[in-house]
Amino acid sequence: MRISEVYFPETIAETLELLRANPELQLVAGGTEIVGSQPTRSIALERQVASIVKIKELRKTVRTEQFLELGSCTTLTGLRTLASGTLPEPLYDVIGGIANHGVRNIATLGGNLCCKNRFMDLWPVLACLDAQIELRSAAGARWAGLSHLCGEDGSPSFPPATLMARIRIPLFSYNFIFVRSLGGNALPGPHTATFACMANLGRDKIEDFRLIFAGTKAFRLKEHEMAVDGRRRGMKGREMQSLVDYYTDAFSSQSWYDQRLFASLAQEAFERLCS
Amino acid sequence: MIVDINVNGEMRHLQARSGDRLVDVLRDRLSIASLLPDCLSGRCGRCFVFLDGRLVQSCLLPAFKAKGARVVTFEGIADSPEVAEIEEALRQAGALPCPFCRTAKIMAIVDLLERHPLPDEKAAMEQLDMVSCACTDPISLIKAIGLAADARSKRKFNRANK
Chain A
20 MRISEVYFPE TIAETLELLR ANPELQLVAG GTEIVGSQPT RSIALERQVA
70 SIVKIKELRK TVRTEQFLEL GSCTTLTGLR TLASGTLPEP LYDVIGGIAN
120 HGVRNIATLG GNLCCKNRFM DLWPVLACLD AQIELRSAAG ARWAGLSHLC
170 GEDGSPSFPP ATLMARIRIP LFSYNFIFVR SLGGNALPGP HTATFACMAN
220 LGRDKIEDFR LIFAGTKAFR LKEHEMAVDG RRRGMKGREM QSLVDYYTDA
270 FSSQSWYDQR LFASLAQEAF ERLCS
Chain B
207 MIVDINVNGE MRHLQARSGD RLVDVLRDRL SIASLLPDCL SGRCGRCFVF
257 LDGRLVQSCL LPAFKAKGAR VVTFEGIADS PEVAEIEEAL RQAGALPCPF
307 CRTAKIMAIV DLLERHPLPD EKAAMEQLDM VSCACTDPIS LIKAIGLAAD
357 ARSKRKFNRA NK
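Protein chains in written order, with my numbering: chain A, 20 to 294; chain B, 207 to 368.
Just chain A, with the same shape it has in the complex (with noise of 0.2 Å):
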């Protein structure tokens, strides 16, 4: 078994410091998504380790009018705690349906969108509410959307020697919000997806659309979501199939998911966001 040298830095500005010394340094923020994807006893871990769930400035939240702005070690438990309608309703739905209670202790939000082989369910649905995140590395800070986590060929991506350290969410309201994950388990597996699809239902058209699909990749369309935009609140039958159809033929060339649970769920979407 490999021992690997652990640091407990105090602040970002030591966390950059051991970063910048050593660019490969592992980040355990909850860890459990690290230790709970081992079945051995032993946890393998990169040679150097930095726990960095106990930096104060990792964990605070500010709230303002138009966001509320979360550091990235606040726990998945701290998140739902937090006051009556200050989470946006779907976030706080989708954190109470992962893992179970004492996981969620654990868990931080950062360490859910940095997951290293997958898209936790967090990531999508923070994908649709425009989130964003401030990455902190030894050029400087700056922020950026959550697709910056995403690789060119949907699979998640995190820039080396860099600190996630804050997620800002607008706190711009959807009247349309369908989240569905599927594989629920107390932690990811295989088969583990969240779908998430939002927009601003008007008098008469649908605005603002988004749909994300995200498990070992994600999947998201700009130009199908444009498409969707401006169209007819309470359009019907083949209006609405071939919008469908739209979606379930561009995934049909991702292999990473069952297509037919996909087709379903765009199935429900539409029919849920047209009725």
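Heads up, a few of these hints could be off.
Quick list of simulated restraints, FRET-style, between CB atoms [as the list claims (entries may be wrong)]:
#1 B:Asn364 / A:Arg21: 49 to 59 Å
#2 B:Phe306 / A:Pro58: 17 to 27 Å
#3 A:Ala163 / B:Phe363: 21 to 31 Å
#4 A:Thr30 / B:Ala239: 48 to 58 Å
#5 B:Phe363 / A:Lys73: 34 to 44 Å
#6 B:His219 / A:His243: 53 to 63 Å
#7 A:Ala163 / B:Ala290: 49 to 59 Å
#8 A:Arg21 / B:Ala329: 37 to 47 Å
The list that follows gives simulated cross-link-like pairs (lysine-lysine, DSS-like), each with its CA atoms no further than 30 Å apart [stated by the list, open to error]:
#9 B:Lys349 / B:Lys328
#10 B:Lys273 / A:Lys79
#11 A:Lys224 / A:Lys255
#12 A:Lys135 / B:Lys349
#13 A:Lys75 / B:Lys273
#14 B:Lys362 / A:Lys73
Quick caveat, the hints were computed from the structure, so don't treat them as lab data. Just so it is clear, CB atoms sit at the ideal spot from N, CA and C, and this is done for glycine as well.
Fit chain B to the given chain A structure using the hints.
Chain B in isolation, oriented as in the chain A frame:
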């Protein structure tokens, strides 16, 4: 490395390797018998501890993450009135968990009543879902939780003998 952890009120300086899980360190170094590394994925509840007051699965925690924390195992609360009330409620409701999951279910109920003094059925079911063992009928368990909640509030507000 040495990890300093307050376990059941006593400061311990435990030798651990970077890849050791907290459950293994507590069980092997301190011989804490209530803990069992069974599923290693947070499903069975056999390794529940309170870490700084929050119920967590110690199989999912690297030991180094407990550095400086307060850890309470079942042994640390076994003699408390809360556990006595829960055991009595389980007896009354005819919901007797098997030896495999008994401590896990009691820990889960202690945590639930701490957060929700009068839990509804949904909260109770969600909490019981953390312990995968299906030895006990959930209806009796929910009844037991209700009885324990009642006993707890009677004690807390000094209504026990009225």
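For each hint, the structure was consulted:
1. B:Asn364 / A:Arg21: 49 to 59 Å: Holds: the Cβ-Cβ distance is about 57 Å, inside 49 to 59 Å.
2. B:Phe306 / A:Pro58: 17 to 27 Å: holds, 20 Å
3. A:Ala163 / B:Phe363: 21 to 31 Å: violated, 52 Å
4. A:Thr30 / B:Ala239: 48 to 58 Å: violated, 40 Å
5. B:Phe363 / A:Lys73: 34 to 44 Å: holds, 37 Å
6. B:His219 / A:His243: 53 to 63 Å: holds, 59 Å
7. A:Ala163 / B:Ala290: 49 to 59 Å: For B:Ala290 against A:Ala163, whose Cβ atoms are near 54 Å apart, the range 49 to 59 Å holds.
8. A:Arg21 / B:Ala329: 37 to 47 Å: holds, 42 Å
9. B:Lys349 / B:Lys328: Cα-Cα ~13 Å, so holds.
10. B:Lys273 / A:Lys79: Cα-Cα ~21 Å, so holds.
11. A:Lys224 / A:Lys255: Status holds; Cα separation ~13 Å.
12. A:Lys135 / B:Lys349: violated, 43 Å
13. A:Lys75 / B:Lys273: holds, 16 Å
14. B:Lys362 / A:Lys73: The hint is violated at about 33 Å.
In this structure, the earlier hints numbered 3, 4, 12, 14 are contradicted, and the remaining ones agree with it.
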